[in-house]
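Both chains are sitting in their own frames, so use the hints and assemble them into the complex.
Here the protein sequences come in this chain order: A and B. According to this note's numbering, the residues represented by the first sequence are 1 to 403, in order. According to this note's numbering, the residues represented by the second sequence are 1001 to 1302, in order.
Treat the hints with caution; some may be incorrect.
[Claimed, not checked] One-sided and incomplete, this derived list gives chain B residues near chain A with beta-carbon spacing under 8 Å:
hint : residue
1    : Glu-1049
2    : Cys-1052
3    : Gly-1053
4    : Ala-1207
5    : Ser-1254
6    : Asp-1261
7    : Glu-1264
[Claimed, not checked] Covered stretches of chain A (chain B as the covering partner; in silico rule of three or more C-beta atoms under 8 Å from a C-beta of chain B):
hint : region
8    : 14–20
9    : 34–45
Everything labelled a hint here was simulated from the structure, so no lab data went into it. No experiment lies behind these values; they were computed from the predicted model shown. Note that beta-carbon positions come from the ideal geometry of N, C-alpha and C, so glycine has one too.
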Amino acid sequence: MTVWQQTVESEAGGTLAYNVMHFVRGLRGAGLPAGPGKTIEAVRAVEAVDPTRRSDLYWALHAVLVERRDQHDLFDQAFRLFWREIRMESAVQGPVMGTDRLPQPEAPPASRRASEAIAPRPPEEESQENVEIELDAVLTFSPQEVLQEMDFEDMSADELAEAKRAIAALRLPIKPVPTRRFRPDPLGRHIDMRATLRASLRSSGDMMPLKRRSRAERLPALVVLCDVSGSMSRYSRMFLHFVHAVTNDRDRVHSFLFGTRLTNITRHLRHRDVDVAVGRSSRAVRDWSGGTRIGPCLKDFNHFWSRRVLAQGALVLLITDGLDRDDLGVLQAEVERLHKSCRRLIWLNPLLRYEGFKPEAGGVRTILPHIDEFRPVHNIASLMDIAAVLSEPTSAEPSTAWS
Amino acid sequence: MADQPRALPGSEAETRALLEEGRYVADDALVKTLYLSFALGRPLLLEGEAGCGKTQLAATLAETLGRRLLRLQCHEGLDSAAAVYEWNYAAQMLAIRLAERGGAERDALAEDIFGERFLVKRPLLTALEPDPLGPPVLLIDEIDRADAPFEAYLLEVLSEFQVSVPEVGTVTAAERPLVVITSNRTREVHDALKRRCLYHWVDYPDAAQEKAILRARLPGIEQRLSNNIAAFIERMQKADLSTVPALGEVIAWSSAVVQLDQIELDPETIRANLERLLAYQRGLAEASGRAPTAPTQPGQRP
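Looking at chain B on its own, in the form it has when it is part of the complex (with noise of 0.2 Å):
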């Protein structure tokens, strides 16, 4: 989309607007939240079930305010060499045996074997460096994978948004980035974190609202599935019949799908009937050890 640098929004009709023009469908209190990470300079630390759009989000705001996303992906055993910074070993070796060769000064090479050219940047070094695009958006992905250790030095560098690479010194961030957090929540994330960030549980969509991403997400699904069903119905007609295998129930079953493409059928009773019969599935799968996610997310709405 916009490939210049775009302020950020300074309302929350501005947060709202900017969102929905990613196609994002948020609730009040995401929009609340968000408005306030952005005016307060403060990270953002999503939690929520898998797949209810956390990372999407991260990816909506890089997206509509033409910044860059730097997305570090957690996991066990997740060390600064991966998150900060690296020096480029291979390289600095080189260059020492072409400076032998080319008989360099020691301290010019020991000035320059640290230097900027040998440093390769990992996410967090980056999001804290200018860039012509503005302040990046920072993605902290499942940090619930990560350590502890790890969770502990990601404080300093959110508190400060400052890191010290020794050999080079520090760099503080001049603006600071947009941090988003996410955490599927399979261990509690640190409150020393938590009180640094502002916290938003993303919760399962209501009805209403599903509706709303599916319409936004894809576009003109339902005249496309539409044609779709009319495309096959046209084929029925044209076909030979006697040579179709099981007509009864390819009738029943087409029949079926055009009456679902007309009607939307009362999704509370849908709702309320599977979950009736899946109560028994659960309670096998609670047997065998295999819970599915029970919904114990807090605030669920009606």
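So here's chain A without its partners, still in its complex pose (with noise of 0.2 Å):
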């Protein structure tokens, strides 16, 4: 009984300590497993260190709260606001009452979520652009194609999983390519021999039906490589859904993640549930939202699966912002040897929205030379368009044995 009473009584003291649970608590609201006992242990943690320097805090929080790598960035988001919270809330207490719209601390501004989350935005302080994107949803487009235009990194939850379904009901018109092989076609411009002396012997040999044949066409092979690094975390779960509507969509996809090393996911998305499928993948992947070594990790690809993925005429999808500290040497070296052994190198660079974009990044400038086709990936709108891209006739290519 008596230690209970003594620590009731000794509640004069300050409320950082409670504050710090409340922190916890609302990770906890949003799914971190952090029980009681983490609580108690980010308040040591918090003693440990000097609460007072801001990067003590944080760090001595995460180190107690984050137990994997993919929740750091939610405690990073929540610590943000929390702090902004407490700004708020002494500007609301002190004398200028109102100005509660203080600036945001430093760091990226949080993203639009992070915002709606905090406060939802009085509707006079909508920037232009966007009320205009809403007029335009009124007179002509319906909200799905409004998200189409939406990046995906402006999307709201809901957002997101409406964009999902769209993706999901994708589809790739790719054309077949005609292949070395023959099949029986009555409207066939070859002669069959083989099957006309073959159905002449039903008659013994009195009538010889001519039989026909026809190149036999088949959808050329898809090869995704997609860049999982850090630069590109907020694509690229948006990136496997697509791959995923893509592989269930026909045969012969093969897909690839990679950041510092490479994955090969290709089994890991074929099962038919989304959700699972994307779950496996990542769960595979290791250097999730890392760095980037585009190129040894090409170099990679293409000494251990481009045989093997890329035979019979692949399209090769390369998802990446092209952004690599790495030696650009090698990265010339393994992307001019991916382009000249698949169809077509088609790039898919999210970076590509910035209207003032320029290929200025030694790893842009390195790639650019060996790509046949360099298209913006940023919302639905543009993943259609790929689709467009894929399906074009073959003639534009360069020359190879298949077309």
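Right, here's the structure in full:
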């Protein structure tokens, strides 16, 4: 009994411990598996460091509360919001009432969702752009179409779910390409001598019905190389959904993810259920949201996979922002080799959505000369564009034996 | 704490007092269930999210009652050798060798080899033996990690409180140990085992309760943190400010921390705001299959 009562009495102190507790509870509400045990640890961690230094507090709480890499983003945003909340609250209490929209703390401006979550925007503060889009929506487009133009990064949770549905319904109308083989075809251009002879045997050689054949056609194999490094993390999950939709639409799709190393997720994506498939693939990836080493990853691909999966004129979709700080010589050699071993190399780059995008980064400039097609990919509309690109007539391609 | 055996609490109020003494904050339901498990001599099955104090309950019980805590950590492939008993083969071999040298009698040796001396007792067996401190607290931790056969075996032990060692005979508990079984619910524990236990879902505590937990586990923390901050402000006042890098940020931050130490934020606002922000993150997490444990606990508090 005694300890209990003593502790109740000692409430006279500050409230920092309880605010830390509220922070943990907030994270818990967001789905972080942090029980009261974690709360105790967090408070002890705060006690152990100097709470008056921002980074100390940040990393102390981070060390205790973040258990997996993918929780880092969540923690980071929550931390930033939490401190902003404090400032807001203190501003309300202070003399300057009403000026509760304080400047955000440093760091990249929290994405739209973040600000949306902390305080729903008053309508008059909507930026001009947003208003325009809404007008458009009223006049011409269905909400779905507005969604198509929206950047994945700007979508709210509901919109993301909607986008996922749209992507799942996406089909790639890729034209089949002729193969070396023939199939029987009554209207075919070529005469099938063998079938003709066989057919003549039915009448003991009296009659020789002419059998024809034509080239068999087949959908070209598709190889997707998707960057899941930190700079792409906003997009990579949506791309996974895209790749899954494509995988389940047709055969011969091979998918690889890379950041600092190459991971083949083809098998994981074969699962019908998109959530299971995407879940399995992201578990298979070790370097999610890490650094980028495009060159070495492509080298791995060229070395281990390209002859297996690039046969028969495969199309390669390279999804990356091309920001690579590694040795560009390797990248140059490997992209060139990749380009030479596939039917068409299509680069999808989310950075292209910025109008002023100029290929200035070394990585981008290295890759560009070896690209057949360079496309933005940051919203559903652009994904649909890709569908169109993939189905373009093959005559525009550099000559290959297949076309 | 207490070194002499202590009687089990005879009422709910006593149970509560016992837990409070061990600085364990429990809600009514848990106190009731715990008391019933004392009264009925039935094992207590605790399920709940990680870090909710399931294991801690057993530790608290052992500490406040002054009894031994026997912990059996379950894992995949847990077998009777690790859970119940094992023969100390190396010592047996040695004994045999020595006996050969000494020319001891065969029968006596055989008797001796499988005697108590060479028996390595594991938690389940130890729990059944009489203990000067009173029947121990047997903690079977994370039963969901063990495989089904072990669960079935446990069923037998927990219903009869006896274990048979073929070479020695049957060991029956004179007094039943206090059994606490915990599960993180990575899989469903078999119904037959559940039937023999008293079940309690250890929920995340509400804000008031969590505060109580903080106070109980870290007494005086508020004061210590305040002191830390005060010391920092003092240092700041003495420091040569012209040499402090990013002074503006330091000041903004420390004022925020001081604020934070003076006002307790409205938990509901924070919670609601954070949850709204993070619902998006959760959406992503679910999409990637790393869904954080969704709050599926039954009877969630408001």
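Each hint, compared with the structure:
With 8 Å as the threshold, the beta carbon of B/Glu-1049 comes within range of chain A, its nearest partner Cβ sitting at about 5 Å, so the hint holds. Among the interface hints, the one on B/Cys-1052 holds; its C-beta lies about 4 Å from the nearest C-beta in chain A, closer than the 8 Å criterion. Because the closest C-beta pair between B/Gly-1053 and chain A is about 6 Å apart, less than 8 Å, the hint holds. Interface hint status for B/Ala-1207: upheld, as the beta-carbon distance to the closest one in chain A is roughly 7 Å, under 8 Å.
The beta carbon of B/Ser-1254 comes within 5 Å of a beta carbon in chain A, closer than 8 Å, and the hint placing it at the interface holds. Taking 8 Å as the C-beta cut-off, the interface hint given for B/Asp-1261 holds, the closest approach to chain A being about 4 Å. Using the Cβ-Cβ criterion of 8 Å, the hint placing B/Glu-1264 at the interface with chain A is satisfied: the shortest such distance is roughly 4 Å. Remark: the region 14–20 of chain A is confirmed as covered by chain B, as 6 of its residues place a Cβ nearer than 8 Å to a Cβ of that chain, reaching the required three.
Here the region 34–45 of chain A counts 9 residues with a CB under 8 Å from a CB of chain B, which clears the bar of 3, and the coverage holds.
The structure shown violates none of the earlier numbered hints.
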